[in-house]
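Colleague: On the provided structure of chain Y, position chain W as indicated by the hints.
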Amino acid sequence: MFAFITRRVLEMIPTIILLTLVVFILMQLVPGDPALMVGDPRMAKNPEVLKKLREHWGLDKPLPMQYLTFLGKLVQGRLGRSYALREPVTSVIKRRLPVTLRLASSAILFAAVIGISLGILSALYKGTLVDLFAMSGAVFGISMPNFWLGLMLIYLFGVVLGVLPTSGFGEGRISHLILPMITVGTAYTAIITRTTRSAVLDMLNKEYVRTARSKGLAERLVVSKHVIRNALIPIITILGLQFGFLLTYTFVTEIIFSYPGMGSLMINSIYRRDLPTLQGCILVAGMAFLVINLLIDILYAYLDPRIRYD
Amino acid sequence: MKLLMAYLKTAMKYIKKDPKLLVGTIIIVLVSLMAIFAPLIAPYSPTKGNLVECYQSPSLKHPLGTDSMGRDLFSRIVFGARVSLAIGLVIQFLSSILGITLGTVGGYFGKFIDDIIVNLNNLMLAFPRILFALAIMATLGPGLINVFIALGVVSWTTTCRIARSSALSVKEEEYVEAARAVGNSNVRIIVRHVLPNTLGPLIVIATLGVAYAIIAEATLSFLGLGVQPPTPSWGAMLSSGRKFIYYAPWISTFPGLAIVATILGLNFLGDGLRDILDPHSRTEGQM
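These protein sequences, in sequence, are chains Y and W. All residue numbers for the first sequence refer to my numbering, where the first residue is 1 and numbers rise by one. All residue numbers for the second sequence refer to my numbering, where the first residue is 1 and numbers rise by one.
Here chain Y stands alone, though its shape is the one from the complex (with noise of 0.2 Å):
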């Protein structure tokens, strides 16, 4: 295990540098001088101040040499500073990015409790009218923007009921939680649902299943030792294979409900053409990514020994 691991780390290697070159990059593409951005734009047109500025923020250099100082700095985990906040990138983040893992994992938690339980209801009574209520949901859940599903929710909760707050972060209150929370987990809830109705059909046909049966094993304990158990590892991949959708998803809602995390940060970056932040955003996302994947890598191989010896 211990070596699955090791190779696993390093094997991102070559991923994290590519990452940085890649942003690196694109922020080079963006149109327009920095030294502009950065200061009043009244100074602008004081060539003085433009070079002063350029010297200041490294600009005047070739660029592989603003690559290692940005790399370099990448590693003491210096970012910059915020063109449009006046601090440290890595401070805003420091303080965005708990919001949002929050946000993130309580739409986990909330689409695996609901995606596993009408997956596994579903498979046990495939053909009912339960199984065909689940499986319209889910289809229905996946075929939404779920943008559209957050205002839709907004109206619903905050404009007609009038029972839940339909923005900002309320100090961590669990009722601004909420309707983001929905609006993040429901399509996520939906695949869930699918992978799981079709990974438990598919073990309830395994011959170690009858033979569990045959044996005289109470249905419930089939089910929840021999079928479960089993049907967590394809779960678990599509739960890996699909978490883009779900940092798509958290960014999308934190801009409709003004939630202030990671995405709405990202997201106002790129309006305020802030590009210190929004290079540090998307280094950060880019790496959490790649962070679960590779614990849900550790997590696949913990589950199913055969994958270690590949």
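Among the hints, a few may not be true.
As the list claims (entries may be wrong) - Interface residues of chain W toward chain Y, partial, derived using beta-carbon atoms under 8 Å:
#1 V105
#2 L123
#3 M124
#4 A218
#5 F222
#6 V260
Stated by the list, open to error - Now the stretches of chain W that chain Y is said to cover, found in silico as 3 or more residues with beta-carbon under 8 Å:
#7 223-232
#8 237-249
Hint data in this document are derived by calculation from the structure and do not stem from the laboratory. The C-beta atom is built at its ideal place from N, Cα and C for all residues, glycine as well.
Modeller: Coordinates of chain W only, in the frame set by chain Y:
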């Protein structure tokens, strides 16, 4: 003509058997007709508004109401079908070309070309597509052409993987060996023998890919980074209604319903086609 009738007959046979396929086909045909005949269907101009009539709730005169500039929502949604379908198809076309070319070339020739392509593909898969697309959009700026570029660049990976694995398995077949033995060129073998055998799964992926592209465009437009006003894109329309959700909820509701219906249709169609063309695999789209 006879051949076309035969095709239609076979298609009808499958559609009768699978209600998903039926519903999907009906929805997509309706949306396509709406897009093609938009000027005939829409009662008003999609871009010219009448400020006197702004924020009207659905009525006989404006079946789906009007938006903040007094434009008829129904007309905008009808014209929006053009934008969304065109974007979905163009992006899927671009990414299919990219994916099929890279995948087939990699799988067929193998060796270091394949290594490069596989690594590039894994790198793309290592990051969420929309993050890539957002970064590209932030770099290039908003606009229709840039949406094509950003989403085309990030969407080819699934197609590439499937084209590659099909090419890999087909290339060992005896008929490919025979074709090579009689002196066919590599290009001819790829076009005549390898590609036709990978078509089934690729059609399924393309159908789901169009759905993905439409949602991705709507997301970018919703964030204000996609199609710019006054072009009636469903995502942008939805976004423009966000500010008015408290007193004019229809501005956001109906464009959203149009998206849901179209995506639902494409998903049904893709699922149904998969059961026919590619019964063994269970590939889901990746975002």
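Colleague: Hint F222(W) vs chain Y: min CB-CB distance below 8 Å?
Modeller: Holds. Min distance 5 Å.
Colleague: Once the shortest beta carbon distance from M124(W) to chain Y is found, is it less than 8 Å?
Modeller: With a closest approach of 10 Å, the M124(W) hint is violated.
Colleague: May I ask you to test the interface hint for L123(W) with respect to chain Y, counting a Cβ-Cβ separation under 8 Å as satisfied?
Modeller: holds, 6 Å
Colleague: Take the shortest C-beta to C-beta distance between V105(W) and chain Y; is it under 8 Å?
Modeller: violated, 22 Å
Colleague: According to a criterion of three or more residues whose C-beta lies within less than 8 Å of a C-beta of chain Y, is the segment 237-249 of chain W covered?
Modeller: Three-residue rule met by the segment 237-249 of chain W, so holds; n is 7.
Colleague: Hint V260(W) vs chain Y: min CB-CB distance below 8 Å?
Modeller: holds, 5 Å
Colleague: Quick check: do three or more residues in the segment 223-232 of chain W have a beta carbon closer than 8 Å to a beta carbon of chain Y?
Modeller: With 3 residues closer than 8 Å to chain Y, the segment 223-232 of chain W meets the three-residue bar; holds.
Colleague: Holds or violated: A218(W) as interface residue toward chain Y, Cβ cutoff 8 Å?
Modeller: holds, 5 Å
The structure is inconsistent with the numbered hints 1, 3, although it conforms to all the rest.
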